[in-house]
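Two chains, two frames, a set of hints: combine them into the complex.
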Amino acid sequence: NAGVTQTPKFRILKIGQSMTLQCTQDMNHNYMYWYRQDPGMGLKLIYYSVGAGITDKGEVPNGYNVSRSTTEDFPLRLELAAPSQTSVYFCASSWLKGFRVGTGANVLTFGAGSRLTVL
Amino acid sequence: GIQVEQSPPDLILQEGANSTLRCNFSDSVNNLQWFHQNPWGQLINLFYIPSGTKQNGRLSATTVATERYSLLYISSSQTTDSGVYFCAVEGKGAGSYQLTFGKGTKLSVIP
Numbered sequence: 001n002a003g004v005t006q007t008p009k010f011r012i013l014k015i016g017q018s019m020t021l022q023c024t025q026d027m028n029h030n031y032m033y034w035y036r037q038d039p040g041m042g043l044k045l046i047y048y049s050v051g052a053g054i055t056d057k058g059e060v061p062n063g064y065n066v067s068r069s070t071t072e073d074f075p076l077r078l079e080l081a082a083p084s085q086t087s088v089y090f091c092a093s094s095w096l097k098g099f100r101v102g103t104g105a106n107v108l109t110f111g112a113g114s115r116l117t118v119l
Numbered sequence: 001g002i003q004v005e006q007s008p009p010d011l012i013l014q015e016g017a018n019s020t021l022r023c024n025f026s027d028s029v030n031n032l033q034w035f036h037q038n039p040w041g042q043l044i045n046l047f048y049i050p051s052g053t054k055q056n057g058r059l060s061a062t063t064v065a066t067e068r069y070s071l072l073y074i075s076s077s078q079t080t081d082s083g084v085y086f087c088a089v090e091g092k093g094a095g096s097y098q099l100t101f102g103k104g105t106k107l108s109v110i111p
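As you go down the protein sequences, you meet chains V and Z in turn.
Going by the working numbering, the first sequence opens with residue 1, and the numbers climb by one from there.
Going by the working numbering, the second sequence opens with residue 1, and the numbers climb by one from there.
Bound conformation, chain Z alone (with noise of 0.2 angstroms):
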């Protein structure tokens, strides 16, 4: 099945900074999703983004995908931002929209 390598594991960030999430794939995808878990446990949608670019707020994120790889950008975090992200890929041919989700990326912005 296909793979999904997120980078860094871990990221601490001071309050206001910026940062890049990585997610790189290791096959064709009909579908990808980036997550922000916060910390008490709860699953929230960021972006569908299959390919291009897409902006909400301070977020962003650009999918390469004749490349493979997707990048989350965050912009002035914010304590708020603090959690774990995950990118989540449906390959080509998965069918049912099946998603495959990375280890994701733990997140902590300190004020």
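Only chain V is shown next, with the shape it has when bound in the complex (with noise of 0.2 angstroms):
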């Protein structure tokens, strides 16, 4: 059991370059997030997937796309890099189906992060 695999941990990118960081989950979590974590902050929610097929926009989409083709994966696209992207990067997941609000299920899980510099 891996739980959120992120890739790449690492890249740098010059500015108008484009790139996908990839996110895949096997503990069969409905929902996923994509999170950017700037400098002595604290994590952002960029956008967010309550299953296959879902997505919707958190609190800084601007600059990003994602897609959910299936409930494992949950990739994060950079169109046209600018060193304003320059951030940590977590997917997390979370929400056993079947679970009810209030057992916990809604905890999330993080990946180990990915760190990107845009030059």
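A hint or two may mislead.
Stated by the list, open to error - When the alpha-carbon atoms are kept at most 20 angstroms apart in a straight line, the in silico EDC-like pairs for lysine to aspartate or glutamate are as follows:
(1) Z/Lys-92 - V/Asp-56
(2) V/Lys-9 - V/Asp-38
(3) V/Lys-14 - V/Glu-79
(4) V/Lys-44 - Z/Asp-27
(5) Z/Lys-103 - V/Asp-38
Unchecked claim - Per the computed footprint, the stretches of chain V lying under chain Z, defined by three or more beta-carbons under 8 angstroms from a beta-carbon of chain Z, are:
(6) 34 to 42
(7) 45 to 59
(8) 66 to 72
Think of the hints as simulated: they come from the structure by calculation, not from any bench.
In this text, a Cβ means the ideal position worked out from N, Cα and C, and glycines have one as well.
Here's what the structure looks like:
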């Protein structure tokens, strides 16, 4: 049981390049999330998904796109990378299907993070 | 949206000391979680605690939902407790279990 796996761990991009951060989970969680963490700050939600085929914007979605074709995978695409997208990105998942609110089933499990630098 | 304030922002402890970290939030919550981010960046859930008190070894947490705050207690601190502690909340009506994170408390435990 690997939990939440993100790739790559590190990446350097030039301004204007595009890339995809991969995220996969093997816990059969319904919900998946992408957060970014800037130095000295908490995490900010970029996009989330409540199930395959359903995605929605979080607090800071500009410059990013997501898709959710399967329960397991939730890739994050950066189009036209900008220096403001230099950050550490975390994928997370939660909510095992069939559990009720209040049981703790909506506890977040995070991936190890992906450090992205845009120069 | 809901606001989350954590205090203190930084804390330095001698090994063996106790500490209390505080999280204030601006509205009623469905969900409150405490996380520890270790010096290598890994985020681990410590507690799911929208109300009440829980204990796990040397760590315990209390949330007083009616007064909109939560406390994380660390007793007999160890160097491995170093890192950043985040409080994250989901406001009632936020929908889809979106958590809003505070800026964290950076804890340094020195031998």
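### Message
Under 8 angstroms between beta-carbons, do enough residues of the segment 45 to 59 of chain V, three at least, approach chain Z for the coverage claim to hold?
### Response
holds (count 6)
Q. Are 3 or more residues of the segment 34 to 42 of chain V near chain Z, judged by a Cβ distance of less than 8 angstroms?
A. holds (count 4)
- Take the segment 66 to 72 of chain V, compare each residue's beta carbon with every beta carbon of chain Z, and decide whether three or more fall closer than 8 angstroms. Contact hint for the segment 66 to 72 of chain V vs chain Z: violated, 0 residues under 8 angstroms.
Going straight from one Cα to the other, do V/Lys-44 and Z/Asp-27 come out at no more than 20 angstroms?
holds, 18 angstroms
**Prompt:** Is it true that the CA of V/Lys-14 sits at most 20 angstroms from the CA of V/Glu-79?
**Reply:** holds, 12 angstroms
Would you check the hint for Z/Lys-103 and V/Asp-38, treating anything up to 20 angstroms between C-alpha atoms as holding? Holds, because 10 angstroms separates the two Cα atoms, which is no more than 20 angstroms.
Check your understanding: Keeping to a limit of 20 angstroms between CA atoms, is the pair of V/Lys-9 and V/Asp-38 held or broken?
Key -> The hint holds at about 16 angstroms.
- request: Would you check the hint for Z/Lys-92 and V/Asp-56, treating anything up to 20 angstroms between C-alpha atoms as holding?
  value: With a Cα-Cα distance of about 18 angstroms, the restraint between Z/Lys-92 and V/Asp-56 holds, given a limit of 20 angstroms.
Of the numbered hints listed earlier, the single one contradicted by the structure is hint 8.
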